[in-house]
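Visitor: Chain by chain, the residues run as shown.
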Amino acid sequence: MFLLAAEEAAAHSWLYDNVWLIPALPAAAFVLILFFGKRLPNKGAEIGIAAIVTAFILAVLTTFTWIGDIADSGAHSEEAHSLVVDGGEAIPVDLTAEEGEVRGAPIINEVEWFGIGTDANRATLGTEANGHGEPAGGEGDTHADSDGHAEKSAFSISIGTWVDGQSVMMLFVVTFISLLVHIYSTDYVNGDRRYTHYFAFLSLFTASMLFMVLSSSTLQLIVGWELVGVCSFALIGHWWEDQANSDAALKAFLTNRVGDIGLLIGMTILYFAADQSFSIKTINEMAVAGDISKGTLQIAALCLMAAVMSKSGQFILHTWLPDAMAGPTPVSALIHAATMVVAGVYMIGRLYPVFFVGFGIAGGSINVMAFIGGLTCVGGGLLAFVQRDIKKVLAYSTVSQLGYMVLALGMGAYTAGMFHLFTHAFFKACLFLGAGSVSHACHHSFDMKADMGGLRKYMPTTFATFMIGTAALAGIPPLAGFWSKDEILVGAGVWPGTEGNGTYTIPFIFGMITAAMTAAYMTRAVWLTFFGDYRGHEEPHESGPRITVPLVILASMAVVVGFFNMPSGFVKALRLPEGWAHKFEDWVEPAGVATFVSKEANKFTHAKPSLSLAVVATALAVGAGFLVWNYYKRLYAMDPKATEYTNGMASRIPPLAAGHRVLENKYYLDHLYTGVIAGGTKGPLARAANWTNQNILDGLVNAVGSTSVVAGRFIYRFIDQGVVDGTVNASGSTASRLGQLLRGMQSGQVRQYATLMFGAATVLVAVFIFAV
Amino acid sequence: MTYLVLQTQLTDTGEWIANIFFYIIAAVAIVAALRMVTTNNVVHASLYLLVVLSAVAATYVILGAEFAAATQILVYLGAIMVLLLFGVMLTRAKIGAETDLDHDQKWIGALVAASLGAVMGYSLWEGFGDVRMPADQVPQRTEAVADEIFSTYIVPFEALSVLLLAALIGAVVVARRD
Amino acid sequence: MFLNQFLFLAAILFCIGVYGVLTRKNGVLVLMSIELILNAVNINLVAFGAFHQHLSGQVFALFVIAVAAAEVGVGLAIVLLIYRNRRSINVAEANILKG
Amino acid sequence: MLAQSLVAQSIFGQSIVAQGAAAEFVRPHIDWHAFAPELILVGWGALVTVVDLIGLERVRRIIGPLTGIGFLLAMIPVLTLWDLDSEIPRVLFDGAYVVDNYSLVLKGVFLFSGYVVVLLASNYMAEGDYYDSEFYQLIAASVLGMLIMTSARDLVTIFIALELVSIPAYMMAAWRKRDLKSNEAGLKYMLMGVFASAILLYGMSLLYGAAADTRLSVIGESLASADSAPFITLGVLFTIIGFAFKVSAVPFHTWAPDTYEGAPTPLTAFLAVASKAAGFVGLISIIVFAFGDLPELVEPFMWILSAATMTVGNLIALRQDNVVRMLAYSGIAQAGYMLAPLAVYGGQLAEAQQAIVIYLVIYAAMNLGAFAVVIIAARKTRSGDIESFSGMLRYAPGLTAAMTVFLFSLAGIPPMGGFWAKFWVFKVLTDGWELWGTLLALIAAVNSVIAAFYYLNVAKQMWFLPARDGDNSPIIIPPALIAAVAITVIVTLLTGVTGWVPSWADFPAVAAAP
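Protein chains in written order, with the numbering used here: chain F, 112 to 883; chain C, 277 to 454; chain A, 24 to 122; chain D, 2 to 515.
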């Protein structure tokens with residue numbers, strides 16, 4: 112192995128060259144924990160945490176270096192940048208191109224992994240085509256004749272690191288979330304019988320994801336991709352004593368294998384299309400430059416899309432994701448926030464030119480990616496309505512949010528998609544860990560209806576952080592989710608004044624619906640968990656500091672991270688320093704370097720933010736949240752126990768009288784509502800309010816609530832559990848039955864075997880003689 | 277006698293005589309082979325096999341492969357047949373007709389054999405329709421065969437010796453009574 | 024003389040041998056049928072050798088004869104082994120392993 | 002020189018003078034260095050046999066290790082030859098026997114497999130009270146056949162090598178003499194093997210008839226220049242079918258599961274890996290060196306065999322309860338992947354050959370390893386059921402990890418070796434996006450998903466389920482078996498993580514013939 116790119120540039124940070132340490136540290140920790148973990152006082156957790164802390168520090172340093180370099184390169188200046196010359200390889204940059212052309216060019220360090228055959232040693236071996244006659248080392252001309260594939264055989268595969276905004280962003284997110292998950296886990300899985308094993312795989316999981324993030328070649332990407340899958344298999348099935356858990360692990364793995372076919376085929380197509388290269392850089396460059404035909408890119412993109420669908424839980428390959436909740440909650444947090452499921456989205460970003468050109472994203476109005484993303488975000492959101500299990504609500508919410516990211520990328524809103532990935536990581540991790548904390552308190556139940564309720568009094572910290580996470584997820588300004596969601600909606604280019612890469616009307620509608628729905632189902636979950644009366648058995652208690660501290664950190668991140676990408680108009684309006692606008696875009700988006708989409712035909716544009724859209728979308732979310740809130744409120748008012756068994760409207764009327772009686776002496780709010788609903792005797796105001804309530808609010812609540820519940824249930828029962836699972840099961844059982852049939856042919860009789868052998872030989876030869 | 281047959285091939289009459297010899301031998305071989313696979317008596321079957329093997333040896337003589345013919349007689353008739361008869365006796369086969377020698381549904385076997393024969397026959401007919409054997413054929417000398425074996429085919433020859441040794445060791449282990 | 028008369032004889036013997044191995048239940052008779060097939064191949068080899076005036080055909084046939092001897096020896100050993108354990112050399116009864 | 006020719010004359014000279022007609026016998030040139038691996042193995046095998054005959058019971062325990070040492074000794078000239086002959090093949094007997102990098106790589110694989118099988122067998126044979134010293138001698142004979150097979154470029158040599166590989170194996174399959182299953186395994190293997198030999202020989206006789214020579218290179222030339230004729234089709238296909246039996250390609254696979262299940266498990270490992278590889282070597286040699294110009298005939302045939310083999314093997318494997326039988330069917334499916342490059346070899350002979358050899362190397366390591374674990378597990382559980390693997394994580398975590406590596410590798414999941422094996426096959430299949438190659442790649446891809454189901458089922462048993470009988474006492478693993486597992490794990494992981502296989506599988510197909 113030798114360094115392909117050894118030249119050291121002065122501007123070149125030590126960190127860029129040694130970024131491989133970041134995945135290597137947790138990988139080493141995995142080995143160490145496996146061998147020595149059991150003998151250590153903390154059963155190996157300390158090694159894992161030490162490794163991840165170091166990796167995190169390195170990742171932070173790398174991030175700051177990267178940001179510093181971007182700043183040095185003068186993000187908004189008109190000059191050319193010194194950054195051009197550095198990097199593992201010289202990066203071809205068109206200096207005549209417009210401003211900011213080279214900002215954020217990737218820094219690639221590659222070493223040869225292995226190679227096969229060089230032209231030189233082939234030439235000495237050349238002989239005649241069928242290999243008789245001249246001994247080896249003969250004439251050169253026969254060589255060319257027989258060894259027409261000599262160049263192809265001179266084949267080498269490189270392994271390397273790829274540092275750019277996108278990968279640095281992921282390095283930060285993965286190490287950050289992983290670190291918090293590690294700390295959280297020391298409490299959460301404390302006393303588990305496979306504690307050491309758990310931490311070992313947590314380390315390996317992190318290492319695999321980091322390895323994948325830093326891939327410089329498609330082959331490396333595949334390896335990382337599969338490694339992530341393997342680790343998730345081990346972690347989801349961590350509590351394998353329960354049959355459901357091991358089944359879920361298997362299901363996750365096998366569903367991913369289905370998508371992997373797409374990945375392998377897609378990558379193979381790209382390999383040949385890019386003149387037999389695995390280099391992501393080469394592939395991207397050729398895709399941008401039009402050296403690969405659009406049709407080829409389209410097929411490749413479709414194949415890769417299948418991989419994204421399975422890994423990132425897009426419809427219709429999402430079914431493994433909710434089942435994967437069987438794993439320990441911190442693992443779910445890691446899977447949903449930073450690793451595994453975002454791998455698909457990350458891969459789209461990494462090979463964005465392939466998708467951008469292949470799907471003709473520029474100037475389009477709908478494409479496969481946007482459609483799948485749209486379908487997923489609406490479908491996932493609907494499904495989240497009907498879950499009893501708090502983790503499943505969050506899981507379907509992840510499905511929905513991943514759909515949002517894919518939707519964004521499908522509409523050409525690269526930065527918006529990546530930004531949403533970034534913000535989502537924090538608040539989703541916060542929510543998952545919060546759910547874990549809740550279940551920790553409720554004796555390891557995740558059933559919101561049976562075992563929760565009213566927890567806000569018992570677990571103030573968890574409640575507060577969960578609320579912040581919910582608000583962020585629902586897109587309430589000024590929390591993180593608002594900014595990224597807003598950018599996605601703007602990116603559709605539909606709203607007046609926003610100029611996106613096309614006019615994606617249908618995806619935009621999907622996006623708006625989802626924005627409303629997200630707020631609604633999260634409100635439902637929050638109500639069921641934290642409001643009303645506690646329905647569990649014993650008194651719940653707040654979790655310990657190792658659980659709450661990560662929650663607080665994540666919640667504060669969920670508040671802050673959104674400000675990294677404020678629109679410039681907003682910044683101006685508030686008279687903030689101008690440099691505060693679009694920071695994330697500056698740091699992460701490789702603004703126009705040759706490896707990214709930039710050429711004329713595939714021009715990549717940014718949408719213009721719109722204040723009116725932000726207001727409307729926020730109003731939608733708040734309104735939807737309010738409706739649901741109102742609905743549960745009223746339900747509760749009728750009967751505090753109602754939430755326990757109610758799912759629809761049907762059970763609302765009968766317990767009315769009983770509810771009335773019970774509520775009399777309860778909360779002030781209940782009194783008010785009871786009065787409003789039942790009274791109607793407190794003057795015209797009350798009467799008017801009552802009328803409004805009865806006819807408008809009630810109708811609205813009824814309509815929205817029942818529609819989404821019915822739709823959600825329908826999709827859950829028939830499509831999710833029926834059609835999709837049914838199809839998967841049916842194809843499985845068909846294969847199985849076919850196997851049984853073929854197995855019957857193996858009768859154990861030699862005579863039959865011999866008949867088959869001679870018979871098949873005869874038939875095959877006859878076919879080839881007479882038919883071919 | 278070999279020499280005689282081949283000498284006479286040089287004339288038309290000679291070829292006629294050789295042909296007559298051949299067809300008689302072939303007819304005997306085919307009839308004996310058919311009886312071998314259909315008879316109800318194991319001992320008879322082995323005797324029919326004896327006839328086929330002898331007829332094949334005679335065919336080698338007509339083709340001028342004297343050494344192969346001699347080996348055929350020595351190895352097959354002298355060794356393999358004796359081995360098979362031992363097998364018949366050690367497994368206590370009845371002397372006389374038996375009823376349970378064949379599978380039911382012999383037609384499947386017949387069908388496969390017939391279609392295989394048809395495919396082979398068609399291929400050979402298409403390939404060598406009226407190709408004649410060379411007229412100036414001389415017997416292949418044993419000495420030349422020996423030279424060939426000990427030069428070109430020395431590797432398979434040595435491998436064969438290992439094979440026979442291994443078969444010997446293995447067969448003794450497998451067949452002996454513990 | 025035609026080359027084909029030898030080749031056809033070989034083909035016929037081959038097919039009769041195939042018929043034998045497909046219909047016989049008795050292990051020894053199956054082994055005999057195998058000999059028939061191998062002899063058919065030998066006729067082919069010797070005939071081609073004579074046709075091409077080339078020694079390899081005969082040499083190949085000699086090798087086949089030797090291998091056939093080894094195969095019969097091994098085959099009989101296994102048949103005897105089965106006979107000892109089962110008191111029968113009916114190959115149709117050997118069907119414990121299947122599926 | 003003089004002395005040698007004098008000796009030659011004293012033996013042969015007399016008859017030449019007396020007969021006076023035939024050409025004078027020319028003593029063939031023999032390159033002793035090139036022959037060294039085979040000669041060492043023969044010599045050492047003879048030595049072992051003699052030691053066994055003289056020492057009888059007293060030396061029984063050392064015959065196994067001694068045979069193993071023989072394999073390692075024979076490895077030495079393979080290495081020295083590798084160093085010397087990296088560019089020019091050593092051609093013997095007018096091209097009937099060739100030692101080049103292609104054959105040397107495979108010689109290494111066979112000696113490696115032989116050594117591992119000896120390790121696997123050492124406790125099995127002794128504890129089962131089977132004839133063990135003879136067992137090792139037969140293994141050595143069979144491996145000798147494989148060594149010869151790698152260099153054989155001539156029909157007679159290939160045929161004898163194939164028989165030398167098979168005949169000892171027929172007997173070893175029946176080695177557990179008092180077990181009816183083992184008897185039956187031997188009987189079925191022997192009968193089917195002989196039928197296949199008959200078909201192979203008939204095909205070879207027609208090839209000889211077409212070319213008037215037994216050397217593959219000459220046959221290749223004749224077939225290239227001849228018009229296509231039915232009898233050539235018959236000869237070519239029958240020859241291929243003979244090998245298709247050996248590699249257990251559908252529909253000539255029927256013997257494999259039965260024999261694998263009934264035979265002693267170390268021998269099953271030997272059959273599934275070494276013996277199958279020998280069949281592949283024969284198949285590659287004959288297709289590359291003789292049928293290289295007949296892709297329009299051979300490719301569709303191999304396409305059918307390959308597609309049928311991988312699909313049928315995988316589907317039946319789904320339904321197996323016995324782990325050895327499951328591995329048998331999985332091995333059939335793996336053979337399907339290995340056959341695939343031959344369905345598209347036209348124009349990329351060297352690449353196809355390379356892909357199969359790489360697959361063989363990795364397959365040898367991972368499959369031998371899987372069998373080693375099966376043997377170890379059966380020592381404790383006394384059962385061949387897949388369910389008997391349940392709960393292994395609790396009492397044998399190291400073994401579980403090793404088996405997981407093998408299973409993932411067999412399923413083709415990176416970063417195990419099996420991924421690269423499949424990778425090179427896919428690379429050949431998709432080269433140039435020809436319709437049929439792509440289609441076969443697609444079938445292979447779907448099959449690799451099906452395969453994941455049954456491989457992972459075993460992993461699931463080990464990792465996630467409690468031990469079936471609740472017995473969590475640790476397994477005592479003899480050192481020989483530990484060594485076997487360790488070696489195979491290392492090779493599987495090393496090939497997977499570094500991907501270094503191709504660098505030494507870099508042999509142009511064309512340079513291998515004279």
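In short, the hints are calculated from the structure, not lab data.
It should be emphasised that the depicted structure is a prediction, and the values quoted were computed from it without experimental measurement.
One should not assume that every hint holds.
As the list claims (entries may be wrong) - Lysine-lysine pairs mimicking BS3-like chemistry, simulated, CA-CA at most 27 Å apart:
no.	chain 1	residue 1	chain 2	residue 2
1	A	Lys-48	C	Lys-382
2	D	Lys-182	A	Lys-48
3	F	Lys-694	F	Lys-683
4	F	Lys-719	F	Lys-694
Claimed, not checked - To be clear about the criterion: a stretch of chain D counts as covered by chain F if any three or more of its residues have a C-beta under 8 Å from a C-beta of chain F, and this derived list gives those stretches:
no.	region
5	105 to 118
6	255 to 268
What the hints assert, rightly or not - Pair ranges (Cβ atoms, derived):
no.	chain 1	residue 1	chain 2	residue 2	range
7	C	Trp-292	D	Glu-435	53 to 63 Å
8	F	Ser-844	D	Glu-435	28 to 38 Å
9	D	Asp-95	C	Leu-444	55 to 65 Å
10	D	Glu-435	C	Leu-323	56 to 66 Å
11	F	Ser-844	D	Glu-388	14 to 24 Å
12	D	Thr-81	F	Met-856	41 to 51 Å
13	D	Pro-467	F	Gly-565	32 to 42 Å
14	C	Gln-381	D	Arg-469	35 to 45 Å
15	D	Ile-483	F	Gly-406	21 to 31 Å
16	D	Glu-58	C	Ile-306	18 to 28 Å
17	F	Ala-182	D	Ile-483	52 to 62 Å
Beta carbons: idealized from backbone N, C-alpha and C, even for Gly.
Visitor: Within 32 to 42 Å or not, the Cβ separation of Pro-467(D) and Gly-565(F)?
Guide: Between Pro-467(D) and Gly-565(F), where Cβ atoms are some 38 Å apart, the hint holds.
Visitor: Just tell me: holds or violated, for the beta carbon distance of Glu-435(D) and Leu-323(C) against 56 to 66 Å?
Guide: 57 Å, holds
Visitor: Check the following: the C-beta atoms of Ala-182(F) and Ile-483(D) are separated by a distance inside 52 to 62 Å.
Guide: For Ala-182(F) and Ile-483(D) the Cβ distance comes to about 58 Å; the hint holds.
Visitor: According to a criterion of three or more residues whose C-beta lies within less than 8 Å of a C-beta of chain F, is the region 105 to 118 of chain D covered?
Guide: Coverage by chain F is violated here, the residue count being 0 at a Cβ distance below 8 Å.
Visitor: Verify the proposed pairing of Lys-719(F) with Lys-694(F), using a straight-line Cα cut of 27 Å.
Guide: Holds: Lys-719(F) and Lys-694(F) sit about 16 Å apart, inside 27 Å.
Visitor: For the hint 21 to 31 Å, verify it against the beta carbon of Ile-483(D) and that of Gly-406(F).
Guide: 55 Å, violated
Visitor: Just to be sure I understand the hint, the distance between the Cβ atoms of Trp-292(C) and Glu-435(D) should be within 53 to 63 Å; is that true here?
Guide: About 56 Å separates the Cβ atoms of Trp-292(C) and Glu-435(D), which means 53 to 63 Å holds.
Visitor: Is the Cα-Cα distance between Lys-182(D) and Lys-48(A) 27 Å or less?
Guide: Distance ~19 Å between Lys-182(D) and Lys-48(A) Cα, so the pair holds.
Visitor: Take a quick look at whether Lys-48(A) and Lys-382(C) sit within 27 Å of each other, Cα to Cα.
Guide: With a Cα-Cα distance of about 11 Å, the restraint between Lys-48(A) and Lys-382(C) holds, given a limit of 27 Å.
Visitor: Are there three or more residues in the region 255 to 268 of chain D whose C-beta lies closer than 8 Å to some C-beta of chain F?
Guide: holds (count 4)
Visitor: Check the hint pairing Lys-694(F) with Lys-683(F) against an upper bound of 27 Å on the C-alpha distance.
Guide: Answer holds: Lys-694(F) to Lys-683(F) is near 14 Å, not above 27 Å.
Visitor: Taking the beta carbons of Gln-381(C) and Arg-469(D), is their distance inside 35 to 45 Å?
Guide: Taking Cβ atoms as reference, Gln-381(C) and Arg-469(D) lie about 42 Å apart, which means the hint holds.
The structure fails to meet hints 5, 9, 15 and 16 from the earlier list, while all remaining hints are met.
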